[in-house]
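Residues per chain are reported as follows:
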Amino acid sequence: MLANFNFMVIFEYLPLFLSGLKSTFLISLVTLVLALITGIIACSMRISGIKTLQYPAIAYIEIMRSTPLLIQIYFLYFGLPSLGIVVPEIQTGIIALMLNSGAYIAEILRAGIKSVDQGQIEAGLSSGLNYVQRMRFIILPQALGVTVPPLLGQAIVMVKDTALLSLISVAELTRSGQTMTSERFMPAEAFLTVAFFYMCIYFCLKYLADWSQRKLIFREVY
Amino acid sequence: MTTFYFGRLVEMFPFFLSGLWMTTKVAFISLIVCTLIGFVLGMLRANDTFFFKHLIGVYVALARGTPFVVQIFIVFFIFPEWGLQLEPFPAALLAMAIMGSAFICEIVAGGIASIPKGQWEAAASSGLTKVQQLRFVIIPQALKVILPPLVGQYVLLIKDTSVVSVIGVMDLTRVGWVTVMRIPEGLMVFALVGLLYFAISYPLILLSNYLERKMAR
Amino acid sequence: GTTLEDIVKRGELRVAVQSGAPPYAFIDKTGNPAGSMVDFTQGMADGMGVKLKIMSYDWDGLLPALLSGKADILAADMTPTLKRALKVTFTDPWIYVQACIFTKTGASYQTLEDVNKAGVKVGVLLGSTGEGIAKKYLPNATIKSYKGGGRAVVSALLSGHIDAGVNDDLAVLTVLPDYPPNSIRLLDKRLGHGKDPLAFAMRPESVNLWQWANLYFKTIRANGTYDKNIAYWMKGIEWKKDH
Amino acid sequence: MIEFKGVNKWFDKLHVLNQIELKVQKGEVLVVCGPSGSGKSTLIRCINKLEPIQQGEIVVNGMSVHDSATNLTKLRTEIGFVFQQFYLYPHMTALQNITLAPVNVKKIAKAEAEKIGREKLDRVGLAEKADAYPAQLSGGQQQRVAIARGLAMSPEIMLFDEPTSALDPEMIGEVLDVMVSLASEGITMCVVTHEMGFAKKVADRVLFMDEGKIIETGKPADFFDHPQTERAADFISKILSH
Amino acid sequence: MIEFKGVNKWFDKLHVLNQIELKVQKGEVLVVCGPSGSGKSTLIRCINKLEPIQQGEIVVNGMSVHDSATNLTKLRTEIGFVFQQFYLYPHMTALQNITLAPVNVKKIAKAEAEKIGREKLDRVGLAEKADAYPAQLSGGQQQRVAIARGLAMSPEIMLFDEPTSALDPEMIGEVLDVMVSLASEGITMCVVTHEMGFAKKVADRVLFMDEGKIIETGKPADFFDHPQTERAADFISKILSH
Ligand SMILES: Nc1ncnc2c1ncn2[C@@H]1O[C@H](COP(=O)(O)OP(=O)(O)OP(=O)(O)O)[C@@H](O)[C@H]1O
Ligand SMILES: Nc1ncnc2c1ncn2[C@@H]1O[C@H](COP(=O)(O)OP(=O)(O)OP(=O)(O)O)[C@@H](O)[C@H]1O
Ligand SMILES: [Mg+2]
Ligand SMILES: [Mg+2]
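Order-wise, the sequence lines are chains A, B, C, D and E. Counting along the first sequence from 1, when you hit position 206 you're at 206 in my numbering, and nothing is skipped either side. Counting along the second sequence from 1, when you hit position 144 you're at 144 in my numbering, and nothing is skipped either side. Counting along the third sequence from 1, when you hit position 106 you're at 106 in my numbering, and nothing is skipped either side. Counting along the fourth sequence from 1, when you hit position 53 you're at 53 in my numbering, and nothing is skipped either side. Counting along the fifth sequence from 1, when you hit position 122 you're at 122 in my numbering, and nothing is skipped either side.
Chain A on its own, in the form it takes in the complex (with noise of 0.2 Å):
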């Protein structure tokens, strides 16, 4: 197979690539910032000390970590029409992997929020600030820069989990690979070359995560 590896196919499905990339791009991007909102008020239920929010969040997150993303994109993709909701293949990949990131983002700003010094939340009360005040001045600007490289490394993931969309037929990176391979019968071609844009969006958002964690330490040191 890379004996005679075929570098002229790979430009004649370039276009082809290229709009798979457009969408993998699209779709993570889009369910990047609903999985933020899904994770935020996530977190805020768990957090918020009322039972009637926090168990619901708590089984909620933990059923997304147990159980693999594709399962779960299954069981949306079988499971909504069984319920008499019909939306298209690409929403239904978007609602599952904004579920399951979800679910992971809202630990992480669990854990964000819990890494800023308990000090700084006396210092806070010491001086009179409510809970609310506590929050958006003191814990969230910390917190938020703490999180800003896991988040990314989430978003690492979920890059990487738009490829299970393929399954349900949803035309992105992945999809033009195999649609590649079954025209043309060039496996080898057709996923190095995905793995080739994968780890393009990868080198992206690791140096974005590296930066900014740099970027915090030396915030914190200096």
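It should be emphasised that the hints constitute simulated quantities derived from the structure, not laboratory data. Beta carbons are placed, not taken as given, at the ideal position from N, Cα and C, and that holds for glycine. Please note that a few of the clues may not be correct.
No farther apart than 30 Å at their CA atoms in a straight line, the calculated lysine-lysine pairs in the BS3-like style are these [what the hints assert, rightly or not]:
#  : chain 1 : residue 1 : chain 2 : residue 2
1  : B       : Lys214    : A       : Lys114
2  : E       : Lys49     : D       : Lys201
3  : E       : Lys129    : B       : Lys144
4  : D       : Lys238    : B       : Lys214
5  : D       : Lys23     : A       : Lys114
6  : E       : Lys200    : D       : Lys201
7  : B       : Lys117    : E       : Lys129
8  : E       : Lys129    : B       : Lys214
9  : E       : Lys219    : B       : Lys117
10 : C       : Lys136    : C       : Lys117
11 : D       : Lys129    : E       : Lys13
12 : A       : Lys22     : C       : Lys83
13 : E       : Lys13     : B       : Lys53
14 : E       : Lys238    : D       : Lys200
15 : D       : Lys26     : D       : Lys107
16 : B       : Lys130    : E       : Lys115
17 : E       : Lys5      : B       : Lys130
18 : C       : Lys136    : A       : Lys22
19 : A       : Lys22     : C       : Lys121
20 : E       : Lys13     : A       : Lys215
21 : A       : Lys114    : D       : Lys201
22 : B       : Lys53     : E       : Lys5
23 : D       : Lys129    : A       : Lys215
24 : A       : Lys114    : B       : Lys117
25 : D       : Lys13     : A       : Lys51
26 : B       : Lys25     : A       : Lys215
27 : D       : Lys238    : E       : Lys238
28 : B       : Lys144    : D       : Lys13
29 : E       : Lys23     : B       : Lys25
30 : D       : Lys26     : A       : Lys51
31 : D       : Lys201    : E       : Lys238
32 : D       : Lys238    : D       : Lys110
33 : E       : Lys200    : E       : Lys49
34 : E       : Lys200    : D       : Lys238
If the Cβ cut is set under 7 Å, some of the chain D residues that face chain E in the computed set are [as the list claims (entries may be wrong)]:
#  : residue
35 : Ala69
36 : Ala166
37 : Asp168
38 : Gly173
39 : His194
40 : Lys238
We have chain A already, so just place chains B, C, D and E with the ligands on it with the hints.
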């Protein structure tokens, strides 16, 4: 209709159990292998040697940067080009080992890095060699930091085993997929599959949470 | 040695099939592979005097399995296209199938023209003959390709993800009994000019195996084994009782 | 001004505050000392309700601290608190640290708050560091900003919990200087510290705690030279011996 | 015994050790002081090669420290090092902390090593704490265990980097007492500290550093009462003022 399918699902339950057994087997063996390799790589990576640091860095980037489904294809279908012809089961284990040890390597390296430099220096000052420093002083302490995320990573790896179904390993996910082909009641089938995964993963999540709380003290 | 020599020496014929694609190949009640492809290749193995090993993959895995040498023969409902033949060698077609359009029973579509409209979503199997035909005859519709065998498209239709499906009629007819009675309807007119061939594939260098396989099909056509296979798997649904 | 009436507090089974009776007058400077773990921090943290108590009452400026009807915000704006570890907000400049509470709690206009903030910074000798982030300041400077932050609400009471014990020796002096000048201005101060020089110079009274109890209180001169109890004598000899 | 010959060291562009010339005789007790960041820690860390140097040579007991041919293990077994933060191994008991190196480096039999370990613990007044984990000990006790650990290899030289500055005031005394008794036994000691009482009592020589240079050295009495340089005078006044 649903009860009709339910009956057939019950009929197929032993098939599900065999899938569960396969998933457990793949997970268990690969977790042990990943842990061993991951620890060795992590210790090398925590070292200052330029060569190891960067070599392992490249390996980790490749393993983390591409979807596992692509990796497993490469192991199963492209490695034969280089003379490594494997059956689906060992290929699944190998792919899991490559991917998993990269993640565990990062966790181990992170754990080692979290130990104050003073501990290395105290150990060095009393004349212990590098290996002795790691073995007696650093690793026992780093384990506290490593263990909770390690168990968390185990959960992720167990879930990743669902991808080995693409090379024909009859694991839980593939059993689910094959069943859906026979019983077109996806909701029920995947609820059952999800439940079985939950049964393996959730105890580990609880363990991870417990360790995290315990180690924090 | 040649592929055929290797097989004999090894004592095992390795065949890649697509799992979950009845009646061609699928996993039966007992968890064992079954289907028309399995029976044909069992006959081949018997003819060679070796054991048969069925390896089942998703669609994506089939070709890599063949090219990487994991399998000797790729036996699936695969159409020999000219592009594909650049990479692999196909046997003579062993059957011709015809693509059809199917929809939910209650749907209003009656003719090809009803389906060939903007906004109509048509499901096909990734890489199948149906995919090519649908693109050619239904240029105005939105084509969505699925993986995982004929049922994937029927399931998508029933759960409302698509409005119609295109697949070979055999594959559609054989899965219908698994769904609620009368929920699916085939449009009367078949697509395509002639019937579309299906063929087994081999690596290009397996020349002797390729000739052997063609000879095998000639032989079983002559002695009636072929017709029995087709009658049992393709013409009726009796096999469902046994599997 | 500050009054403890039969206050008891437990951490689980640990009796950290044992039947505390104490009055601190307006303008008084009280130094609290005692061995590690004796409950000094807990004592002063109760004054602005950073800790709950299980028995007794604490009254500050007529407000019963642990009464849920008390306006906690009002109470806390009347009390400034300075921590051992400074606890400046690392993502805000010195000036922002100081103006945060005046603007958001007292609802003072931002410009006005900044003017006050700069005055307070000037007061602790750091006028030129208004725009520096905590990480750009030395320990002594950070602690002085923390004091300025405590002063920004013009509190009547300032509480200090070992304000110099996380500092390098050369920086201790600059922080103590600021505190000495505060004492001379008539602010009520409760200071947990082992700096005997400071205690001798400005304290009106020294309070010695051990195992959650107030063992001894007295004027600094009396206390250091003629401790009444053996435990205090032992403690004083330890911290003065080296 | 310890000799610095024209030693220079940089951290990137920061010149932390600037042309250091220094001889410490066998049995001498040297106290190093100076402002924060002046290079005191770096100076003594170079002695057992915890830091590399870029120029010059350090010779300890005839071994050239930074020569790669030198047997580092042998060098380090002849030198005990005590850190400001103790750095006890938290997962080992006091005795295990002490016996780790004798057993694994000197290959002394475990029973024998434990006997020696208990002697050293007794030496620092902690005979009964052999089986306690660091977390169960007070700061002062931890530091004394750290000293015992340093002594376990029977080194000829002991280096101390601010051994008391992370301690509560009451505990400083107990650690200094141990160090005083060590000094009287003739062990060569280099001690970075700001404890002037200790320096006056046992130091043979005080060395004052600033910005990587040795500014002044002298007998403690001379140094504290009549510093030669303005910088030293300024520094002394700061640490003695409060
Ligand atoms: N949140 C808490 N939960 C449980 N125990 C606590 C808590 N805070 C303090 N303690 C315990 O209460 C006792 C008194 O603590 P406190 O901090 O008031 O002592 P301190 O006199 O300030 O000591 P130090 O000089 O070390 O600061 C100690 O034994 C401490 O371990
Ligand atoms: N590993 C390092 N990398 C870069 N700079 C360093 C490093 N270690 C120390 N420095 C810098 O070298 C200078 C001297 O440090 P050193 O720790 O020797 O000072 P010190 O006199 O011990 O100070 P202190 O009293 O605060 O312990 C400081 O400016 C410090 O920031
Ligand atoms: Mg305290
Ligand atoms: Mg130092």
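Each hint, compared with the structure:
1. B:Lys214 <-> A:Lys114: holds (16 Å)
2. E:Lys49 <-> D:Lys201: This hinted pair is violated, its Cα atoms lying about 46 Å apart.
3. E:Lys129 <-> B:Lys144: Status holds; Cα separation ~25 Å.
4. D:Lys238 <-> B:Lys214: Judged against 30 Å, a Cα distance of about 37 Å means the pair is violated.
5. D:Lys23 <-> A:Lys114: Violated, at roughly 37 Å.
6. E:Lys200 <-> D:Lys201: The given pair, whose Cα atoms are some 26 Å apart, holds under the 30 Å limit.
7. B:Lys117 <-> E:Lys129: holds (26 Å)
8. E:Lys129 <-> B:Lys214: Distance ~25 Å between Lys129 (chain E) and Lys214 (chain B) Cα, so the pair holds.
9. E:Lys219 <-> B:Lys117: Between Lys219 (chain E) and Lys117 (chain B) the Cα gap is close to 35 Å, so the pair fails against 30 Å, i.e. violated.
10. C:Lys136 <-> C:Lys117: Between Lys136 (chain C) and Lys117 (chain C) the Cα gap is close to 13 Å, so the pair holds against 30 Å.
11. D:Lys129 <-> E:Lys13: holds (26 Å)
12. A:Lys22 <-> C:Lys83: Since the Cα atoms of Lys22 (chain A) and Lys83 (chain C) sit roughly 27 Å apart, the hinted pair holds (cutoff 30 Å).
13. E:Lys13 <-> B:Lys53: Roughly 26 Å separates the two Cα atoms, so the pair holds.
14. E:Lys238 <-> D:Lys200: holds (18 Å)
15. D:Lys26 <-> D:Lys107: The hint holds at about 27 Å.
16. B:Lys130 <-> E:Lys115: holds (26 Å)
17. E:Lys5 <-> B:Lys130: Status holds; Cα separation ~29 Å.
18. C:Lys136 <-> A:Lys22: This hinted pair holds, its Cα atoms lying about 26 Å apart.
19. A:Lys22 <-> C:Lys121: Since the Cα atoms of Lys22 (chain A) and Lys121 (chain C) sit roughly 22 Å apart, the hinted pair holds (cutoff 30 Å).
20. E:Lys13 <-> A:Lys215: With a Cα-Cα distance of about 22 Å, the restraint between Lys13 (chain E) and Lys215 (chain A) holds, given a limit of 30 Å.
21. A:Lys114 <-> D:Lys201: Violated - the C-alpha atoms of Lys201 (chain D) and Lys114 (chain A) are around 42 Å apart, more than 30 Å.
22. B:Lys53 <-> E:Lys5: violated (35 Å)
23. D:Lys129 <-> A:Lys215: holds (22 Å)
24. A:Lys114 <-> B:Lys117: holds (25 Å)
25. D:Lys13 <-> A:Lys51: With Cα atoms ~28 Å apart, Lys13 (chain D) and Lys51 (chain A) stay inside 30 Å; holds.
26. B:Lys25 <-> A:Lys215: Distance ~43 Å between Lys25 (chain B) and Lys215 (chain A) Cα, so the pair is violated.
27. D:Lys238 <-> E:Lys238: Since the Cα atoms of Lys238 (chain D) and Lys238 (chain E) sit roughly 23 Å apart, the hinted pair holds (cutoff 30 Å).
28. B:Lys144 <-> D:Lys13: Within the cut-off at roughly 28 Å; holds.
29. E:Lys23 <-> B:Lys25: With Cα atoms ~66 Å apart, Lys23 (chain E) and Lys25 (chain B) exceed 30 Å; violated.
30. D:Lys26 <-> A:Lys51: violated (45 Å)
31. D:Lys201 <-> E:Lys238: holds (17 Å)
32. D:Lys238 <-> D:Lys110: violated (49 Å)
33. E:Lys200 <-> E:Lys49: holds (29 Å)
34. E:Lys200 <-> D:Lys238: holds (18 Å)
35. Ala69: violated (39 Å)
36. Ala166: At about 10 Å, which exceeds the 7 Å cut-off, the nearest Cβ of chain E leaves the hint on Ala166 (chain D) violated.
37. Asp168: Holds - the Cβ of Asp168 (chain D) comes within 7 Å of chain E, reaching about 5 Å at its closest.
38. Gly173: holds (5 Å)
39. His194: Cβ of His194 (chain D) sits 4 Å from chain E, so the hint holds.
40. Lys238: holds (5 Å)
The structure fails hints 2, 4, 5, 9, 21, 22, 26, 29, 30, 32, 35, 36 (numbered hints given earlier, in ascending order).
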